[in-house]
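Numbering (the UniProt record's numbering), first residue to last: 1 to 537.
Keep in mind the hints are simulated off the structure, nothing from the lab. Bear in mind the structure is a predicted one, so any value in this text is a computation, not a measurement. Here a beta-carbon is modelled for each residue, glycine too, at the ideal position from N, C-alpha and C. Some hints here could point you the wrong way.
Below 16 Å or equal to it, Euclidean Cα-Cα: the simulated EDC-like pairs (lysine to aspartate or glutamate) are [what the hints assert, rightly or not]: (1) 111 x 238; (2) 371 x 443; (3) 175 x 164; (4) 208 x 236; (5) 483 x 376; (6) 175 x 205; (7) 479 x 167; (8) 110 x 7; (9) 370 x 443; (10) 175 x 161; (11) 111 x 214; (12) 208 x 185; (13) 110 x 236; (14) 143 x 167; (15) 143 x 164; (16) 111 x 236; (17) 208 x 234; (18) 110 x 205; (19) 135 x 83.
Now the in silico label distances, taken between C-beta atoms and shown as ranges [to be verified]: (20) 57 x 29: 37 to 43 Å; (21) 163 x 405: 48 to 54 Å; (22) 88 x 188: 31 to 37 Å.
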Amino acid sequence: MSGILTDKEIDDASKKLAAFRAASAEEDFLQRYADLLNSYKQLKSDFEEEKVNRERYKQLARTQERNPFVLVLIDGDGYIFGDEFLRMGADGGSRLAQHLNDVITQSVRKKGLDNCDIMVRIYANLANLSRILSKHSLATPDKRSLAPFVANFNRSYGLMDFVDAGELKENADFKIRALLNLYAENAQCKHIYAALCHDVGYLGEMTKFRGNRDRFTLIRSSGLLFHDQFLRLDLEIEELRGVFRTVPLEELVLLNTKSSSSTDLMKTTPSASPSVATDTAHRGTGPRESQKICQYYPVGKCRFGRECINAHIDVRIPANPTKTLYTSQASQYSILDSDVSSSSGRVKSPGTSSLFRFDNGADPANQLPKKSEIPDGHVAVNKNSHRLDPYIPSPSSAASSRLRELSSIRRFCNSKQLTNSCTDENCRYEHKPLPEELLPALEWLSRSLPCNSRGSCRDQNCVQGHMCQNMECHHRGGKIKCKLSVYAHGDLTVDHYVPANGDNTNNTTNSHTPLTTSPLSSHVNQVPNEENLWDFS
Numbered sequence: 001m002s003g004i005l006t007d008k009e010i011d012d013a014s015k016k017l018a019a020f021r022a023a024s025a026e027e028d029f030l031q032r033y034a035d036l037l038n039s040y041k042q043l044k045s046d047f048e049e050e051k052v053n054r055e056r057y058k059q060l061a062r063t064q065e066r067n068p069f070v071l072v073l074i075d076g077d078g079y080i081f082g083d084e085f086l087r088m089g090a091d092g093g094s095r096l097a098q099h100l101n102d103v104i105t106q107s108v109r110k111k112g113l114d115n116c117d118i119m120v121r122i123y124a125n126l127a128n129l130s131r132i133l134s135k136h137s138l139a140t141p142d143k144r145s146l147a148p149f150v151a152n153f154n155r156s157y158g159l160m161d162f163v164d165a166g167e168l169k170e171n172a173d174f175k176i177r178a179l180l181n182l183y184a185e186n187a188q189c190k191h192i193y194a195a196l197c198h199d200v201g202y203l204g205e206m207t208k209f210r211g212n213r214d215r216f217t218l219i220r221s222s223g224l225l226f227h228d229q230f231l232r233l234d235l236e237i238e239e240l241r242g243v244f245r246t247v248p249l250e251e252l253v254l255l256n257t258k259s260s261s262s263t264d265l266m267k268t269t270p271s272a273s274p275s276v277a278t279d280t281a282h283r284g285t286g287p288r289e290s291q292k293i294c295q296y297y298p299v300g301k302c303r304f305g306r307e308c309i310n311a312h313i314d315v316r317i318p319a320n321p322t323k324t325l326y327t328s329q330a331s332q333y334s335i336l337d338s339d340v341s342s343s344s345g346r347v348k349s350p351g352t353s354s355l356f357r358f359d360n361g362a363d364p365a366n367q368l369p370k371k372s373e374i375p376d377g378h379v380a381v382n383k384n385s386h387r388l389d390p391y392i393p394s395p396s397s398a399a400s401s402r403l404r405e406l407s408s409i410r411r412f413c414n415s416k417q418l419t420n421s422c423t424d425e426n427c428r429y430e431h432k433p434l435p436e437e438l439l440p441a442l443e444w445l446s447r448s449l450p451c452n453s454r455g456s457c458r459d460q461n462c463v464q465g466h467m468c469q470n471m472e473c474h475h476r477g478g479k480i481k482c483k484l485s486v487y488a489h490g491d492l493t494v495d496h497y498v499p500a501n502g503d504n505t506n507n508t509t510n511s512h513t514p515l516t517t518s519p520l521s522s523h524v525n526q527v528p529n530e531e532n533l534w535d536f537s
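Please build the complete structure, drawing on both the sequences and the hints.
This is the structure:
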């Protein structure tokens, strides 16, 4: 058994303890030093990475500042360039490019962006644009008569392009939207000029840039409707002086017609206000007795131009020249406006890029006389002695659907149903009276079938069509196939009334042409069948 430690043993133990403590402190110090070295290595690595990123950022910034540009986007289907350029033909393209470049240069200088290049992108349906302009003597009748104009525009400046978007609907809109979204996030693109405010369809794309005045400018043209929904976007608005038309195409035609043929009209128009006149007295006053109407001009296919021996009359132009076809008060329209019954072909809301609009969204067929306004024993005619039918309100969808169902059971005699008379003793069509509420729908359909005597018909009991009331028919630039001839799409305004014939001698067609499924389906909306059809048995 060990005894008490000696002093030497105690001293040795104390020395060992001191040595252990010294070794432990050194180990801790070495550990902390090793941790410090690791931290330094990590910081050095981060520093090097940040240094590389910073250099890359500086290089990217230098690249973005090296080639700054402003973008000018133009919907060429709506924004029509000035007549002075279009009438110059191919040379007008280069003149337009130069003038457009000068105007944009002045604008960007005011914005402090005079170091920026100017990139112009114009998209349009070239074939359709050429056709429209040819009708206004601003281009030749060739299908793509604007091609030389566009070629000269494109070769004038390296960054200016006039692109044919093709003949499919909304092609230009599709391209413009894609470019707008692409360059809106491009740092090199310092500013975007957007000429697209004639079409509220672009409003959705532009709404996300609301209030970004430093980056976007909307282009206004006095010759085009500027929808005031775009004013709410709080973006810069400018008008490029001398670039676009200052007068709508329709107004130009009316002014030209008035100035060039006012003398002829004075000679041939008997009265400015409707009045009852004899048919004989008016028979010699028609302005086209010695000159036929060119049937190719309204569809843009007359190859003789001004040398054509027939009269060039654009039947799509409204008859009353005192009305303004365009209005700057776009507050009349709402972006949420829905189309008015396309089945009846009446005017739709103007949320499209169509060139042909009517004022206040009104139905131009309202210019036709009401039944109550036509004196007994007379028919209404316009200044060209062309017969005018009374105005017929477009039928409701329900009435059209019901009429279609009934006609599928038994066809009606239009003459008997609408005039309560039928001259055919062996008529094989239904004479049993229709419900009163379906008569307007039947009359609308009956008037869509052409009378063989056309505008010269004076039969008071004729129930067929003499003047088209369908504002969406293909003769007026719409999509609905119209059975009436091109001559039935002219002046809708009453000039006077002439005595009517009491029989059908004027009309060689069967006045009770039956209602058929085909014409009905082309003018009336298709709806599901109803039960309890009217019994004809």
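Satisfaction of hint between residue 236 and residue 208, Cα-Cα up to 16 Å: holds, 15 Å
Agreement of residue 175 and residue 161 with the hint, judged by alpha carbon distance not exceeding 16 Å: Holds. Residue 175 to residue 161 sits at ~13 Å (cutoff 16 Å).
Does the hinted range 48 to 54 Å hold for residue 163 and residue 405 at CB? holds, 49 Å
Taking only the CA atoms, is the gap from residue 370 to residue 443 under or equal to 16 Å? holds, 14 Å
Is it true that the CA of residue 208 sits at most 16 Å from the CA of residue 234? Roughly 11 Å between the alpha carbons, so the hint for residue 208 and residue 234 holds.
Take a quick look at whether residue 111 and residue 238 sit within 16 Å of each other, Cα to Cα. The given pair, whose Cα atoms are some 12 Å apart, holds under the 16 Å limit.
Straight-line Cα separation of residue 111 and residue 236 no greater than 16 Å? holds, 11 Å
Could you see if the CB distance from residue 57 to residue 29 stays within 37 to 43 Å? Holds - the Cβ-Cβ distance for residue 57 and residue 29, about 41 Å, lies within 37 to 43 Å.
Are the Cα positions of residue 175 and residue 164 separated by 16 Å at most? Satisfied, since the Cα-Cα distance of roughly 11 Å is no more than 16 Å.
Given the proposed pairing of residue 135 with residue 83, does the C-alpha separation stay at or below 16 Å? Given that 16 Å is the threshold and the Cα spacing comes to 13 Å, the pair holds.
Straight-line alpha-carbon gap residue 371 to residue 443, limit 16 Å: holds, 12 Å
Within 16 Å, alpha carbon to alpha carbon, are residue 111 and residue 214? This hinted pair holds, its Cα atoms lying about 8 Å apart.
The structure is inconsistent with the numbered hints 5, 8, 18, although it conforms to all the rest.
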